[in-house]
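Q: Sequence order for the protein chains is A and B. End of the first sequence sits at 393 in my numbering; the numbers just go up one at a time, nothing left out. End of the second sequence sits at 393 in my numbering; the numbers just go up one at a time, nothing left out.
Be careful, since some hints might not be right.
The list treats identical chains as interchangeable, and a pair is accepted whether it falls inside one copy or across any two copies.
To be verified - No more than 25 Å apart at the CA atoms, straight line, and that leaves these computed lysine to any residue pairs for SDA-like:
hint : residue 1 : residue 2
1    : Lys104    : Pro387
2    : Lys225    : Ser285
3    : Lys225    : Phe277
4    : Lys39     : Gln156
5    : Lys254    : Asp317
6    : Lys161    : Asn70
7    : Lys254    : Ile322
8    : Lys225    : Glu255
9    : Lys220    : Asp231
Simulated from the structure, these hints should not be mistaken for laboratory data. If you're wondering where the values come from, they're calculated on a predicted model, not measured in any experiment.
Number of protein chains: 2
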Amino acid sequence: MADARHYLKIEGQFEMVRGNITDPSIAYETWGTLSEVADNAVLIFTGLSPSAHAASSTTDPSTGWWEDMVGPSKPIDTNRYFVICINSLGSCFGSTGPASINSETGDKYRLDFPVLCLEDIARTGQRVIEKLGIDVLHSVVGSSMGGMTALAFTLLFPGKARRLLSASSAARSEPFSIALRSLQRELIRKDAGWKDGLYEDGAPPATGMLMARKLGMITYRSAKEWEQRFGRERATDDISSGKSGPFGIDFEIESYLEAHGKSFINAFDANCYLYLSRAMDLFDASDHGGSIATALSRTGLESALVIGVKTDFLFPPHQQEELAAGLKAGNVDVEFQLLDSLQGHDSFLIDMDRFRPVISAYF
Amino acid sequence: MADARHYLKIEGQFEMVRGNITDPSIAYETWGTLSEVADNAVLIFTGLSPSAHAASSTTDPSTGWWEDMVGPSKPIDTNRYFVICINSLGSCFGSTGPASINSETGDKYRLDFPVLCLEDIARTGQRVIEKLGIDVLHSVVGSSMGGMTALAFTLLFPGKARRLLSASSAARSEPFSIALRSLQRELIRKDAGWKDGLYEDGAPPATGMLMARKLGMITYRSAKEWEQRFGRERATDDISSGKSGPFGIDFEIESYLEAHGKSFINAFDANCYLYLSRAMDLFDASDHGGSIATALSRTGLESALVIGVKTDFLFPPHQQEELAAGLKAGNVDVEFQLLDSLQGHDSFLIDMDRFRPVISAYF
Numbered sequence: 031m032a033d034a035r036h037y038l039k040i041e042g043q044f045e046m047v048r049g050n051i052t053d054p055s056i057a058y059e060t061w062g063t064l065s066e067v068a069d070n071a072v073l074i075f076t077g078l079s080p081s082a083h084a085a086s087s088t089t090d091p092s093t094g095w096w097e098d099m100v101g102p103s104k105p106i107d108t109n110r111y112f113v114i115c116i117n118s119l120g121s122c123f124g125s126t127g128p129a130s131i132n133s134e135t136g137d138k139y140r141l142d143f144p145v146l147c148l149e150d151i152a153r154t155g156q157r158v159i160e161k162l163g164i165d166v167l168h169s170v171v172g173s174s175m176g177g178m179t180a181l182a183f184t185l186l187f188p189g190k191a192r193r194l195l196s197a198s199s200a201a202r203s204e205p206f207s208i209a210l211r212s213l214q215r216e217l218i219r220k221d222a223g224w225k226d227g228l229y230e231d232g233a234p235p236a237t238g239m240l241m242a243r244k245l246g247m248i249t250y251r252s253a254k255e256w257e258q259r260f261g262r263e264r265a266t267d268d269i270s271s272g273k274s275g276p277f278g279i280d281f282e283i284e285s286y287l288e289a290h291g292k293s294f295i296n297a298f299d300a301n302c303y304l305y306l307s308r309a310m311d312l313f314d315a316s317d318h319g320g321s322i323a324t325a326l327s328r329t330g331l332e333s334a335l336v337i338g339v340k341t342d343f344l345f346p347p348h349q350q351e352e353l354a355a356g357l358k359a360g361n362v363d364v365e366f367q368l369l370d371s372l373q374g375h376d377s378f379l380i381d382m383d384r385f386r387p388v389i390s391a392y393f
Numbered sequence: 031m032a033d034a035r036h037y038l039k040i041e042g043q044f045e046m047v048r049g050n051i052t053d054p055s056i057a058y059e060t061w062g063t064l065s066e067v068a069d070n071a072v073l074i075f076t077g078l079s080p081s082a083h084a085a086s087s088t089t090d091p092s093t094g095w096w097e098d099m100v101g102p103s104k105p106i107d108t109n110r111y112f113v114i115c116i117n118s119l120g121s122c123f124g125s126t127g128p129a130s131i132n133s134e135t136g137d138k139y140r141l142d143f144p145v146l147c148l149e150d151i152a153r154t155g156q157r158v159i160e161k162l163g164i165d166v167l168h169s170v171v172g173s174s175m176g177g178m179t180a181l182a183f184t185l186l187f188p189g190k191a192r193r194l195l196s197a198s199s200a201a202r203s204e205p206f207s208i209a210l211r212s213l214q215r216e217l218i219r220k221d222a223g224w225k226d227g228l229y230e231d232g233a234p235p236a237t238g239m240l241m242a243r244k245l246g247m248i249t250y251r252s253a254k255e256w257e258q259r260f261g262r263e264r265a266t267d268d269i270s271s272g273k274s275g276p277f278g279i280d281f282e283i284e285s286y287l288e289a290h291g292k293s294f295i296n297a298f299d300a301n302c303y304l305y306l307s308r309a310m311d312l313f314d315a316s317d318h319g320g321s322i323a324t325a326l327s328r329t330g331l332e333s334a335l336v337i338g339v340k341t342d343f344l345f346p347p348h349q350q351e352e353l354a355a356g357l358k359a360g361n362v363d364v365e366f367q368l369l370d371s372l373q374g375h376d377s378f379l380i381d382m383d384r385f386r387p388v389i390s391a392y393f
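Turn these sequences into a full structure, and let the hints steer you where they fit.
A: Here's what the structure looks like:
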């Protein structure tokens, strides 16, 4: 399968909030055509784990992570908009991160990578659009961590985006979600296979990654969805064969988490996961103005669509309301939608019946 | 400090739901005096981790785990009631469990202990009251796992309790809480120090216990409480000294979990924890009647007080409602209280201002 990624090569030092790196690359994909006056560009920042491949294209026809949302005649319509999605700095799908080679040492960065902040990722977005000849974005878009990054973009570059779509995101993390992510990181770090970040290719801290992903999955969905999907259904016999002793897999929910966890172990670099997860904890819009309210009054946005989900306990409804109210107080024309989706935090990836019309109407 | 525990020695085979053990002991404490007609006995089953020491006494003046609720002139008034609290079968505070010596082999049971069910614990409660000369209990009481055990008692021995107090419990576990407990167990089992249950005294699977307890703590409290208590407060410098590298303790919430987790490692036996945790997943009131509704119509209770907490996401409000409605449909005189406590599932141990008057009024 062909690769649709483009790369921005930043030459020399790239200044991050908490350090510097040399000659980083940023991978991105684009869909649609930039208008002559360059006023139809939509920049998408991703959640923690996706690549820049938000949607299929003729170059790379594989299904993207937001396939139902981005494309010709889709809610973010690539017949009308020039859509850019970037792989986050610190990730492992083409952009420079802890798993990349440090050109100054010839070795992987690993833990020598500077502490990552979402502001760093937002700045790479600005570099990408500069290169593409875009002065002002039609919209900046993000869900979950990507929504925080999109918000960071508006705070660092007020007026550079006319519109914001924030889905299941927040102005900062509260201690409950910090605790959950902190524990996920610790599960990886406490795996002897992590080796203080020095694990080799093909020998990741598999147990830690499995445990962390299971905990992640628990926080990404909702109790209500699982009660409806699984109830107290028992796992099929071939899985609960008793091989794992008296505490093995018994319920269907346990076998579901095992399957999802295992598929993640080799799909994401452990150190990259640690850096990106930490960046979500560290982000705080109030760093850009002394308070969330002051910060949110300085985005220069014309309008915003803030979408939250009632069953999302990682970025709960009151944080969506805080974000919407803060932007509104800053004279942004805000549309706030609190959806009834069952799938918790991950609803924006799944519940297209509820997300599609809302996003379609905004675009 | 003197020991206030009594022991019921069950001679010969004790039949459990999924196996048998020989000559088990059950530790219990009592407060107050049994009336001549033996009609004032209150039996308390505990949550997963407490001992039988619910309250101080002249024999053992140390603070009990429900000190504010049990005692002279307290809501469960030991001037009026003869109160019994038993340490659960499978636990490690005097009752026989996986950490006890199997008299048939001379070695610890460890994983040879039969799979534990809450019905087994309920049956030991019945044996204890028989020994004490009690035919019918004034009340059976339990919170969290203890509430499930108390319910199991009424289903196994209909009419043997006139009243039930169930706090923050449920008729069965839903997949969300099963997932959380299953992952806690896996965190212990995946610790190399667990050694398939064969760890030695003084060398517990400390990392697994620490990780499991942190996850437990996250589920026992509420996001709202933590936002109010911790917000984004940073940990004090001596803790976040950077010794643990770029992913160490940064926020106060992380240091809080670390402290609580560490204190648990040597306070509870890992195998006992696994057995009791699993027993909570396995309990299902519908096993006693084909459906929850049918089961709850067969308790023989005269009345019940069902207390839930709005911020409890482990045993959420709808499960409290299900329990209360089911008992009511079975002609039990039910009082249902859904409290506004902030402390989530653990509120019954902390928010005495809200729990005290409700329980006091019922007794």
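Q: Report the numbers of all earlier hints that the structure fails to satisfy, in ascending order.
A: Of the numbered hints, just 8 does not hold.
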